[in-house]
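Peer 1: Listed below are the residues making up each chain.
Number of protein chains: 2
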Amino acid sequence: MQTRLNIDEPNSPTSAYIEIDLSALANNYQQISKLVAPSICAATIKANAYGLGLEEIARTLVNSGCREFFVSDIFEGIKLRKILNHNHYEIYALNGLKQKKEQDYTKYNIIPVIGSMSELAYYKKSSMYDNSLPVAIHIDTGFSRLGFDIEEVASIYKENINIKLLMSHLANADDLTSKLSEQQLEKFLNISNNFKGIRKSIANSSAIHRGQAYHLDLVRPGISLYGCSNHNQSQIKYEQVVKMFAPIIQKKEVKKGSTIGYGASYLATKAMTIALIEIGYADGIPRSLSSTNQHAGGHFYINGVAVPIVGRVSMDLVAVNISECKADTNVGDYVEIFGTNQNIDTLAKNADTISYELLTRLNHRVQKIYKYD
Amino acid sequence: MQTRLNIDEPNSPTSAYIEIDLSALANNYQQISKLVAPSICAATIKANAYGLGLEEIARTLVNSGCREFFVSDIFEGIKLRKILNHNHYEIYALNGLKQKKEQDYTKYNIIPVIGSMSELAYYKKSSMYDNSLPVAIHIDTGFSRLGFDIEEVASIYKENINIKLLMSHLANADDLTSKLSEQQLEKFLNISNNFKGIRKSIANSSAIHRGQAYHLDLVRPGISLYGCSNHNQSQIKYEQVVKMFAPIIQKKEVKKGSTIGYGASYLATKAMTIALIEIGYADGIPRSLSSTNQHAGGHFYINGVAVPIVGRVSMDLVAVNISECKADTNVGDYVEIFGTNQNIDTLAKNADTISYELLTRLNHRVQKIYKYD
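Protein chains in written order, with the working numbering: chain A, 1 to 373; chain B, 1 to 373.
For the record, the hints were derived by calculation from the structure and aren't laboratory data.
Check each hint, because a few of them may be wrong.
It does not matter which identical chain is used: a pair holds within one copy or between any two.
Using 30 Å as the maximum straight-line C-alpha spacing, the simulated DSS-like pairs for lysine-lysine come out as follows [said to hold, decoys possible]:
no.: 1; residue 1: K326; residue 2: K100
no.: 2; residue 1: K82; residue 2: K34
no.: 3; residue 1: K79; residue 2: K371
no.: 4; residue 1: K79; residue 2: K243
no.: 5; residue 1: K164; residue 2: K34
no.: 6; residue 1: K187; residue 2: K270
no.: 7; residue 1: K124; residue 2: K200
no.: 8; residue 1: K326; residue 2: K255
no.: 9; residue 1: K124; residue 2: K196
no.: 10; residue 1: K255; residue 2: K196
no.: 11; residue 1: K79; residue 2: K101
no.: 12; residue 1: K179; residue 2: K251
no.: 13; residue 1: K200; residue 2: K256
Kindly produce the complete structure, drawing on both the sequences and the hints.
Peer 2: Laid out in structure tokens, this is it:
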């Protein structure tokens, strides 16, 4: 097994780290790819590959057979093009067409995902159009986010534009009780009938598991590649890609009646042993994992034992109650923030959020360690 | 007025940015310094100066007369020493003594803040002790976080150690109804009587405004330097240091009955115009600012008009209702996330958190623009 330490700023990391299993990533990609074949499996690696590192994630996916990538914007597209320096890898910039950047789209061969009449007009007046730079057309079928209204799209298929992909995005593909996804798919198929010979895509991670009807020509998984977000109905057993650890820097006996942490919001109702862990909200551990005596917060794991957070998460530190495992716990030991004992989705739920937010908000002072079996 | 664009990774920023007013920072420092004189005013610039950029913040503070700095750990200390390359600037690493780094403390002249018997024992066996490297002694007077217990400290003053500073930290200095701060101060003063001729410090930003009794030899403001966290009882009128802006990338008419965003969690009960702003939780905008029809979320400002967030904050985008100001609002306009119309504390409150978390979790893809009048 090969492990590699990748430190953005050699002098800045604390000792907290995330471990990223690139074999698991490759396996997840290949499983999805097999499930949806002959549809193409692209990959959504926006926001620095959900915080996991654009370069390492992209290279692993390329080695797994991926050829089409979705990023947030032109800036991330340029970065990715420098990594995947060959035009047979397609790069789509999701956040529309950024004005004054037209030369970069052409130079780096980035496909703008166009979603409004004003963007389209800008495209047609630009050198991108003259160079026949391909575009993706984004249709809003009920998400009320980026994308053309259905009525607007009706005229576009008649235009002489190099359309590489027709796409839409589902609002709640993970909600199997809602009919919205079916309605969105139906609207999308109706309008896309006009766009003959153009590839179509509507499926994010969750939509892939709604069935083959959603796969169309291309699927665009994001979070499931990274092994997060439980897909209960999934035909695939996703492997966990990310685990997180941080060290104990002090062990402490707290007397009955003492308060713990900021705001004195947690009262020790009996004597306890706590460990101070060198990680905090400045690293990306949500402050909403804090606990009070009335409200349980999150917990981490030490040697398989759940250790609850006591008091408030602070900027650089978290206190956990280690009374149940204090004999085996020492300064310098690493605590599992999420990993084998609790996945990131569980931790996210305890913080009233989702794994996507946890991942993308991990601070760059958290080291990334990549491993590949 | 001089403005400067500082981009960590030239090809990666989106167009969201924070504007950092270094004159306001200098002014805040100088006001505190004047208030507490003859006590020394140090500065807490841990966690990359609360996310605002260690180098620019440190240089500005030095130019304002600051000579002593508190950072999170040895790694940040080294980074700061390379910026302030002269030994007459003192750098304290708050998170205790990191083992196996002893040579770096000496080489870069970083003062470890020691808070446990095991750290002290490690220090005394190391070359740091042989070199008489100064330390700070951290006493836990009721915070149950880092620091020696009172009982442990009783023996330390007899030891032959180069103690530069004796310090403690208050749990809830901002809560004027609580007696805990007074109790902590009293405990600290009692024990510190044993440490003759050694400087003492207990005051963070809030404690400074509890009165002169808390100033002792040295105060260590953090958040108030950055103009955040309202100090209602403050004798100082802090200037706002940070403002944040992001561009509109699409303007959209939403029909009555449509849902907006992920989870279809917001229903347009009447026709409305929304703007899609190119910023999301991957940039550090908390997902907890999301709204539903039942629950108001956060809001931003366009030309002085409050525009409420509609639906969920997503990874790269936020939708706001601009029905009230649609005529004056165009794609490419910048929205105030926080700034003149709403300070960061208000936004933080709407996200159920505090300005500290908002600031330190801003992602590095948000540009920083420094200005100095």
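Peer 1: Of all the hints numbered above, which does this structure not satisfy? Sort the numbers upward.
Peer 2: Checked against the structure, no hint fails, so every one of them is satisfied.
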